[in-house]
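Asker: Given next are the chains, with one letter for each unit.
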Amino acid sequence: MSGFRIENQVARGRLVSFTFENVTLQAHEGEGLAAALSVSGVLSVRRAPADQGPRGAFCFMGTCQECVVLIKGERTESCRVAVREGLEVRAVR
Amino acid sequence: MSASYDVIVVGGGPAGVAAALQAASRGLKTLILDEGEAAGGQVYRPPSRGLQGLPSDADTASGALLRARLADSNVVRAFGRRVWNIEPGFRVYSVTANDAEEAAAPALILATGTIERFVPVPGWTLPGVIGLAAATALLKSQRIVPGRRVVVAGVGPLLPFVAASIVSAGGTVAAIVDANGRTEWLNRLPRLLFSSGRLLARGARWMSTLVRHRVPIYSGHAIGAFEGIERVERAHVLPVDDEGAPRPGNAPITIDCDAVCYGYGLAPSIEAAKLLGAQCVLDADLGGWRARTDDRGATDVPGLYVCGDGGGVLGAAAAPLSGRIAALAAAQHLGRLGEDELLRLISPLQRQQRAAARFGAAMTSLTTPKRGQIALIPPDTIVCRCEGITRGAIDQAVADGSRTLDELKSVTRCGMGPCTGRYCMDTAARLIAARTDLAESQIVPVSVRPPLRPVPIAALTSGFRYEDLPRPEPAPL
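Listed in order, the protein sequences are those of chains C and S.
Letter 41 of the first sequence, counting from 1, is numbered 40 in numbering that gives the first Met the number 0, and no numbers are missing.
Letter 264 of the second sequence, counting from 1, is numbered 263 in numbering that gives the first Met the number 0, and no numbers are missing.
A hint or two may mislead.
To give an idea of the interface, some chain S residues facing chain C are shown, with a C-beta separation under 8 Å as derived from the structure [said to hold, decoys possible]:
{"hint": "1", "residue": "E34"}
{"hint": "2", "residue": "S47"}
{"hint": "3", "residue": "G49"}
{"hint": "4", "residue": "I129"}
{"hint": "5", "residue": "G130"}
{"hint": "6", "residue": "I143"}
{"hint": "7", "residue": "V144"}
{"hint": "8", "residue": "G146"}
{"hint": "9", "residue": "R421"}
{"hint": "10", "residue": "Y422"}
FYI, nobody ran anything at the bench for these hints, they're computed from the structure.
All C-beta atoms in this analysis are idealised placements derived from N, C-alpha and C, irrespective of residue type, glycine included.
Build out the structure end to end from the sequences listed, making use of the hints.
Answerer: Here is the structure:
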């Protein structure tokens, strides 16, 4: 179980495919990546360096840095990136 | 790349936008910067790209109006830009993912909003536990509900707002866990009745939605722990006393859930003001430490102004008024407005601001931290999420002599991670106060140094290529 999109009265961008750790997922174009991952059931996106615990989006506004992922090798806050067709997302190691 | 302005506004929420519009209307060359993709801040957060046909609620309409007014103005807009450093005088440095810019102005208005406070408990780092403010971001800008069975926990007005939004969207709220008792809400009713009828009616609509959906409300209870393997699966709930401490001898109530929206109120974001040397004061009923200002938003630093919730959490109705007051004061500082004219213009705004602030102040006082809350934090609980620093490590450092947040940070690394201490320092200060004879007002906020926020090195070195470095020929052997 995970979060879900409100359907009533809401029109969204077209469905596009993106990958997280080479797994193909679908989301709406322009949707926030952290939100799209969470709706797809991907809540844990990294391991905390100190305690190795699972971590995922926490503040959804670019402050906490918990949702950081790698896009083209750059550490990027997934809550501040929009999903687009073919976006390749990796976990921070 | 450097551009000069009369006024720079940092923060594009209701306070910052009102300040920028007011400044531009006085003929000041004005720049507004915000890391969001468009104006609105958190309360009027713009919908993400691709979303259409949204149901029009009050916040959606206010946000659209604010963005339209800004687009029609002469204000220079720099959205999607993160401010990472500000130097006295003032020079504002910002970045996007791939470029860096600076801008200068003799007057600076900070409208940097708030940061959410938390009581760290075991399992609060589990994926699926998100902030109450995070939940509003998901609901407003993504139209996404955080879970199928959600626990909404903490204190303050975001509890009924988030819970009502979830059930209205077709989700299930497994429980609202409110650390305040019912009397603490009722005690504020008289103040609310004499402030904003519109906002009170809105609150009443949330409550009736919750009653209609039979949402269980645990008043006077707090989260003792979250549990789950790779994500949150259940919450343990404990009754708490008037000081927020767990009542002894009660077994926790366990509530299964797949998401949690959690938060203990909002505190002003003071980092930028502090970086520039503004004096700060502790004002617990307005959210915590805030920059000291006069009744025009002027700080102790000439030319530096603070407005909106970043100067004390008074809510979205008061924010634009404080923004306009600060902008007019800045115009006077720049010699573009006489003192008499300033007084004539701001006195009606100040009256309206005081009236609008009553509701917000009553709501914020529901979130004032209580002494007993730290009793909810067992020693092995992570307080600093970034560095994995536990309460036990912090208590030990205090026992070993740490008396300030700067000392504690040096000794333990608490607050040294990429969130720059925003989610732990508030708890750390309370832990120092609990173990010493220091009052919380004596435990000043941690020193601020640039970068204010994490910055990609590639953005700062934009255009720089290693191959372009002049390299002298190696000396012959």
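Asker: Are the hints correct? Go through all of them and say.
Answerer: Each hint tested on the structure:
Given the 8 Å rule on beta carbons, the hint for E34 (chain S) holds: about 6 Å separates it from the nearest Cβ of chain C. Interface restraint check: S47 (chain S) against chain C, minimum CB-CB distance 6 Å, threshold 8 Å, status holds. Of the supplied interface hints, the one on G49 (chain S) holds, with its beta-carbon coming within about 3 Å of a beta-carbon of chain C, less than 8 Å. Here the hint on I129 (chain S) is kept, as its CB sits about 6 Å from the closest CB of chain C, short of 8 Å.
A least Cβ separation of about 5 Å between G130 (chain S) and chain C falls short of the 8 Å threshold, and the interface hint therefore holds. Among the interface hints, the one on I143 (chain S) holds; its C-beta lies about 5 Å from the nearest C-beta in chain C, closer than the 8 Å criterion. Checking V144 (chain S) against chain C: minimum C-beta separation of about 5 Å stays under 8 Å; hint holds. Restraint check, G146 (chain S) versus chain C: the minimum CB separation of about 5 Å is within 8 Å; hint holds.
A distance limit of 8 Å between C-beta atoms decides the matter here; for R421 (chain S) the minimum to chain C is near 6 Å, and the interface restraint holds. At its closest, the beta carbon of Y422 (chain S) sits 6 Å from a beta carbon of chain C; the interface hint therefore holds under the 8 Å criterion.
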